[in-house]
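**Q** Kindly produce the complete structure, drawing on both the sequences and the hints.
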Amino acid sequence: MLDVGRHPNIELLAYSEVEKVEGEAGNFSVTVRRKARYVREDRCTGCGACAEKCPTLVPDAFNEGLRNRKAIYSLFAQGIPSTHTIDADHCRQMNGKKCGICAKTCQAEAIDFDQKDRILELNVAAIIIAAGYDVFDPSQIPEYRYQEIPNVVTAIEFERLLSASGPTGGHLDRPSDRAIEADIEEMEKSAGKSQKALVKFEEKYGESSAAFYEKYQSGAYPDDEDRKKWADKYADHLTVVEPLEALRKKAEGFDVARRLAFIQCVGSRDFRFYPFCSGYCCMHSIKEAIIAHEHGPDTTSTIFGMDIRAVGKGFEEYKIRGGNHSNITYVRGRVAEIVEGPDNNPVVIYEDTRERKVKRQEFDMVILATACAPSKGIAALVKTVGVELDPYNFLKTSPLSPVDTTTPGIFVCGCAESPMDVPESVAQASSAAERAAEIVFQTDLIKEKAVA
Amino acid sequence: MSKDILVIGGGIAGMQSSLDLADMGIKVHLVEKLPSIGGKMAQLDKTFPTNDCAI
Ligand SMILES: Cc1cc2nc3c(=O)[nH]c(=O)nc-3n(C[C@H](O)[C@H](O)[C@H](O)COP(=O)(O)OP(=O)(O)OC[C@H]3O[C@@H](n4cnc5c(N)ncnc54)[C@H](O)[C@@H]3O)c2cc1C
Ligand code: SF4
Ligand code: SF4
Numbered sequence: 006m007l008d009v010g011r012h013p014n015i016e017l018l019a020y021s022e023v024e025k026v027e028g029e030a031g032n033f034s035v036t037v038r039r040k041a042r043y044v045r046e047d048r049c050t051g052c053g054a055c056a057e058k059c060p061t062l063v064p065d066a067f068n069e070g071l072r073n074r075k076a077i078y079s080l081f082a083q084g085i086p087s088t089h090t091i092d093a094d095h096c097r098q099m100n101g102k103k104c105g106i107c108a109k110t111c112q113a114e115a116i117d118f119d120q121k122d123r124i125l126e127l128n129v130a131a132i133i134i135a136a137g138y139d140v141f142d143p144s145q146i147p148e149y150r151y152q153e154i155p156n157v158v159t160a161i162e163f164e165r166l167l168s169a170s171g172p173t174g175g176h177l178d179r180p181s182d183r184a185i186e187a188d189i190e191e192m193e194k195s196a197g198k199s200q201k202a203l204v205k206f207e208e209k210y211g212e213s214s215a216a217f218y219e220k221y222q223s224g225a226y227p228d229d230e231d232r233k234k235w236a237d238k239y240a241d242h243l244t245v246v247e248p249l250e251a252l253r254k255k256a257e258g259f260d261v262a263r264r265l266a267f268i269q270c271v272g273s274r275d276f277r278f279y280p281f282c283s284g285y286c287c288m289h290s291i292k293e294a295i296i297a298h299e300h301g302p303d304t305t306s307t308i309f310g311m312d313i314r315a316v317g318k319g320f321e322e323y324k325i326r327g328g329n330h331s332n333i334t335y336v337r338g339r340v341a342e343i344v345e346g347p348d349n350n351p352v353v354i355y356e357d358t359r360e361r362k363v364k365r366q367e368f369d370m371v372i373l374a375t376a377c378a379p380s381k382g383i384a385a386l387v388k389t390v391g392v393e394l395d396p397y398n399f400l401k402t403s404p405l406s407p408v409d410t411t412t413p414g415i416f417v418c419g420c421a422e423s424p425m426d427v428p429e430s431v432a433q434a435s436s437a438a439e440r441a442a443e444i445v446f447q448t449d450l451i452k453e454k455a456v457a
Numbered sequence: 805m806s807k808d809i810l811v812i813g814g815g816i817a818g819m820q821s822s823l824d825l826a827d828m829g830i831k832v833h834l835v836e837k838l839p840s841i842g843g844k845m846a847q848l849d850k851t852f853p854t855n856d857c858a859i
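Chains as they are written, first to last, in the numbering used here: chain A, 6 to 457; chain B, 805 to 859.
Honestly, I wouldn't trust all of these hints.
What the hints assert, rightly or not - Computed spacing ranges between beta-carbons, pair by pair: (1) B/N855 to A/D241: 51 to 57 Å; (2) B/N855 to A/F118: 17 to 23 Å; (3) B/N855 to A/N32: 41 to 47 Å; (4) A/F259 to B/N855: 25 to 31 Å; (5) B/N855 to A/A202: 49 to 55 Å; (6) B/N855 to A/Q83: 17 to 23 Å.
Please keep in mind that the hints were generated in silico from the structure rather than gathered at the bench. All residues carry an ideal CB built from backbone N, CA and C; glycine is no exception.
**A** Structure (structure tokens):
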């Protein structure tokens, strides 16, 4: 990433979109919209002081909504470019409220609420489309209850939970437990507020609210208006504190997830959604199980799949190593349903196809290996660029020219072409680069001929 | 006639294409719709089959 940001031959146009493409191989005119960040690239140092002070919280898409970011943000800590961006949908100032804290904080004077989108015209010989994919939304499969059971998560959410820079610092805290901890934090805030209101009375009358309340309830101060206020305030306080105590007790018993289930082919090899195999998900489940085991040696993982597809250099060995050293059990079967058991534990109901039996098993957390879905924006992009899609909405190619699109001079690589893992994406990317370079060198030849 | 190349998408695939072309001496314009490049790979903790850090 750093190399891309630094390379003198690469003009990095982040936070930008292609709006128009005209022309043909060797000579395309391209219009690019550089969206306003409301932060000046030539000034922003990426220090993050603005984000630290910004009061507005927004669910952080990079962390799959598992934590919040600010309305002024960088996509992630090491993001290139590090220029911050104001999220105009959520920023107070941009929505008619008073704020501007970031502008006051920024030493570099980089904040510019009046910045406008800029239009850039480019002339290029060839185009490479590398627009990637989307993670399949598993809430389309009602029997897995992804939305309803908090401890059923997607594999990409699990990546963030495993990450030391992620929302849990790499601890496998269960989402249901995190939700309760967030509730506790909120309740502590309001308990703090109601406590403050009591202090005034406690100082005035020289006793604790609890001691006073006991006397008050047994009728000690019949016509005392001031003490009645105190009693009401204390009663309010109790409505917060009592459930707070109960939750705190519950939270004492919280533990990290140790019994994990991975469910394969969620949306893939499923005729309701995508008949194809997404290729990488068997491997990323094994990887996630291995890393989880590195974090906690007593972690056990069960991977439920029709079969495990470990097709690639070193992949089968990786799978076997996972089984031998990382407490992974591979179960051949298809999961019919996930229900919620006691203590927010998901229960997996499946057919063990080796034993030909329907079984139930309880876990701390279930991870869904979701399909590689075509990117939602791809239809609009290919219309702009002028290439065709296949029936699934990946770019149309042919087996003998896998990086050529339907238009000469326009190439494709990575998951925009079809589901593939990182090594394959890199190989295709180099191949697409070479095909595109041919066009550049051909234009050179044509020019040389014209001169001669 | 131009000798530049446009790459759309700054995930691992777009970054690799851009670097290869740039190393050949070709000028690349890399368009990414999000505020930073990296794509899905930047979200991954580590990658199989070597468990190297993703970024
Ligand atoms: C949970 C999970 C774990 C994985 N683990 C591994 C692993 O360990 N090892 C491995 O090899 N593979 C793994 N993969 C697969 C890996 O994510 C992909 O192979 C890889 O990210 C594909 O890269 P890409 O560049 O094609 O697409 P992406 O990473 O999706 O990048 C596409 C980029 O294009 C941008 N873009 C999209 N549309 C536009 C547009 N219209 N204009 C401009 N920019 C646009 C996007 O914002 C994005 O930055 C995993 C996948 C998942 C879901
Ligand atoms: S103006 Fe206020 S809300 Fe908007 S980004 Fe700056 S600090 Fe955040
Ligand atoms: S890689 Fe595995 S989980 Fe993914 S679709 Fe193929 S078989 Fe299913």
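**Q** Just pull the numbers of the violated hints for me, sorted ascending.
**A** 2
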